[in-house]
Amino acid sequence: MAENNHSQTQSTGAQTTGHVWDGDLQELNNPLPAWWTYAFYASMVFAVVYWVVYPSWPVGKGFLTGMSTVSYANAEGKQESWHWNTRAKLLKETQDAVIAQKPYYDKVASYTYEQIANSPELSSFVISAGKAVFSENCAACHQAGGQGKVGFFPNLTDDDWLHGGSFEKINETLHKGRRGYMPAFAEALDQTQIDNLAHYVLSLSDNKVDPAKALKGKELFHSQTAACFYCHGDDAKGRQVIGSANLTDKVWLWADVPGSNDSAAKLTAIKQVISAGLNKGVMPAWEGRLNTEQIKLLTVYVHELGGGK
Amino acid sequence: MFKNFKHEKIETNAGLLLVLTMFAVSIGGLVEIAPLFFIKDTMENVEGVRPYTPLESRGRDIYIREGCYTCHSQMIRPFRDEQLRYGHYSLAAESKYDHPFQWGSKRTGPDLARVGGKYSNEWHVQHLIKPTSVVPESVMPNYKWLQETQLDVSDVGDRLRALRVTGVPYSANADEYQRNVKQFGEATAKTLHIPDALNNLVNQAQAGNFDGDRSSVSEMDAVVAYLQVLGTMVDFNKIKPEDLVKFR
Numbered sequence: 127m128a129e130n131n132h133s134q135t136q137s138t139g140a141q142t143t144g145h146v147w148d149g150d151l152q153e154l155n156n157p158l159p160a161w162w163t164y165a166f167y168a169s170m171v172f173a174v175v176y177w178v179v180y181p182s183w184p185v186g187k188g189f190l191t192g193m194s195t196v197s198y199a200n201a202e203g204k205q206e207s208w209h210w211n212t213r214a215k216l217l218k219e220t221q222d223a224v225i226a227q228k229p230y231y232d233k234v235a236s237y238t239y240e241q242i243a244n245s246p247e248l249s250s251f252v253i254s255a256g257k258a259v260f261s262e263n264c265a266a267c268h269q270a271g272g273q274g275k276v277g278f279f280p281n282l283t284d285d286d287w288l289h290g291g292s293f294e295k296i297n298e299t300l301h302k303g304r305r306g307y308m309p310a311f312a313e314a315l316d317q318t319q320i321d322n323l324a325h326y327v328l329s330l331s332d333n334k335v336d337p338a339k340a341l342k343g344k345e346l347f348h349s350q351t352a353a354c355f356y357c358h359g360d361d362a363k364g365r366q367v368i369g370s371a372n373l374t375d376k377v378w379l380w381a382d383v384p385g386s387n388d389s390a391a392k393l394t395a396i397k398q399v400i401s402a403g404l405n406k407g408v409m410p411a412w413e414g415r416l417n418t419e420q421i422k423l424l425t426v427y428v429h430e431l432g433g434g435k
Numbered sequence: 009m010f011k012n013f014k015h016e017k018i019e020t021n022a023g024l025l026l027v028l029t030m031f032a033v034s035i036g037g038l039v040e041i042a043p044l045f046f047i048k049d050t051m052e053n054v055e056g057v058r059p060y061t062p063l064e065s066r067g068r069d070i071y072i073r074e075g076c077y078t079c080h081s082q083m084i085r086p087f088r089d090e091q092l093r094y095g096h097y098s099l100a101a102e103s104k105y106d107h108p109f110q111w112g113s114k115r116t117g118p119d120l121a122r123v124g125g126k127y128s129n130e131w132h133v134q135h136l137i138k139p140t141s142v143v144p145e146s147v148m149p150n151y152k153w154l155q156e157t158q159l160d161v162s163d164v165g166d167r168l169r170a171l172r173v174t175g176v177p178y179s180a181n182a183d184e185y186q187r188n189v190k191q192f193g194e195a196t197a198k199t200l201h202i203p204d205a206l207n208n209l210v211n212q213a214q215a216g217n218f219d220g221d222r223s224s225v226s227e228m229d230a231v232v233a234y235l236q237v238l239g240t241m242v243d244f245n246k247i248k249p250e251d252l253v254k255f256r
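Residue numbers (the working numbering), protein chains in the order written: chain A, 127 to 435; chain B, 9 to 256.
Isolated chain A, as found in the complex (with noise of 0.2 Å):
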């Protein structure tokens, strides 16, 4: 094949590579355009250019650094450099928004709970930095807006608290977690006492049930057989040492009585926990995985979610 003369074809008048197979085989000579090739050219020396500046070849049991560097803060406060790398960049990105946010987070972690709440300047602070705070790590469970899920997770937007709605107690549950407890009841007492204490928990927040049944739940309630009143208080009003609930009010975490339509339904709700007991309800301890003033932060958001106290 292969004479190395650049000719035409005769049919089309295209410029070919000069090689002909079988007599008269050939084939046809485009060029890359011009822009293109000189495009490409630029993107080698683009290339070395940027072997210089950042990491590129390894050589033998290390490899190329590159010339650029990265400052940042060590441990020990003072400035200290490395090659360029994403981890050092992040370092230093990170050192910088501290420093950005330092004014902020200085206020956040001297002034008192009710002084972020009320600080006009705080409060937009609060607002976006808490939710971002509280979006990301509290939603999952407690949903966007703080309103819960009956059944699972408590609602932050009413006033009724199981560990105390205070800041101070918002905080303590952030930072330590909370784990709920309720014994079962199915073995000790039989089925008509649990249906009896059933209508006397219902009755305290104003649901129509049999009186008489009431009344021998009322019994069971502050008798030694059932003991109820140990966790729930005389009252039945809960106590929140302990995070036992309110039975009096119409706040419900665990049986689903809202969303029960009738008298029925919500007796079997009730007594479900009963039988059952719980050992649910954990809250995750947050301290460790946030630092002191996002928790205290996130307190104060969650405080001013309506119900705090």
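Keep in mind that a hint or two might mislead.
[Said to hold, decoys possible] Here are the simulated lysine-lysine pairs, BS3-like style, with alpha carbons at most 27 Å apart: (1) K246/B x K275/A; (2) K218/A x K248/B; (3) K246/B x K228/A; (4) K218/A x K228/A; (5) K254/B x K215/A; (6) K218/A x K246/B.
[Unchecked claim] Here are some, though not all, of the chain B residues that point toward chain A, as calculated from beta-carbon distances under 10 Å: (7) K48; (8) W111; (9) R115.
These are calculated hints, taken from the structure and not from any lab test.
Backbone N, C-alpha and C define an ideal beta-carbon position, used for all residues, glycine too.
Mind docking chain B on chain A? Use the hints.
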């Protein structure tokens, strides 16, 4: 020597073309991958990373079986937005016992590299049974059979033995057990002993009660146990951030 070289010689010789093509293609791999085996500084020497317990390991198997990795990554990149949302960036050391690693390549759902301890067990159970019941905007499918299906524990020892072949330090004999006691402490070493795998699995499921039902060991127990340990092994309060910078 190239004076008489004709490209036609390669083009018309299939064997030569094959060999030279393979050589050309392998250059990229040799240059980019091979040096990583010699550069010592890619793996951070952090404390706390241990192999999964038998229950967590079975949970991981189910995670892979259900294809969770197609929508969830386990790789927090060193960017500020990811750090704010997911936590500290992932370290190479944190997936050194993962075979295969679950870094993933697509985030339809959030990254899970540090989901451990973030939510309660019951949240995970409820979320896996019906995600929209706790996250209304979620597009994740329901995985309710996890709660209903008994975990197949018959081959847990064999599964750990297979991982041991890949270099995960599960112990098959007394010598290896002693080595693990030195490396991980006695409490952890016990969970890595293959002859006790079945007992350890059942005990952890009973003690942890991950799915809220102590009467049996369900697949839900295993998956939740696995999710709850993700990203929790390294205590970043004990590490200076600038030390990690120097591993790159």
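Measure nothing beyond the straight line between the CA atoms of K254/B and K215/A; if it is 27 Å or shorter, mark the hint as holding.
12 Å, holds
Report holds or violated for the interface hint on W111/B, using the least CB-CB distance to chain A and a cut-off of 10 Å.
16 Å, violated
Given the hint that K246/B pairs with K275/A, does the C-alpha gap stay at or below 27 Å?
With Cα atoms ~37 Å apart, K246/B and K275/A exceed 27 Å; violated.
Hint check: is the beta carbon of R115/B less than 10 Å from a beta carbon of chain A?
With a minimum Cβ separation of about 15 Å from chain A (threshold 10 Å), the hint on R115/B is violated.
Does K48/B pass the interface hint, meaning its C-beta sits closer than 10 Å to a C-beta of chain A?
Cβ of K48/B sits 7 Å from chain A, so the hint holds.
Straight-line Cα separation of K218/A and K228/A no greater than 27 Å?
Holds, at about 15 Å.
K218/A and K248/B: Cα distance at most 27 Å?
Holds: K218/A and K248/B sit about 14 Å apart, inside 27 Å.
Taking 27 Å as the top limit, are the C-alpha atoms of K246/B and K228/A close enough?
23 Å, holds
Is K218/A within 27 Å of K246/B, Cα to Cα?
20 Å, holds
In this structure, the hints that do not hold are numbers 1, 8, 9, in rising order.
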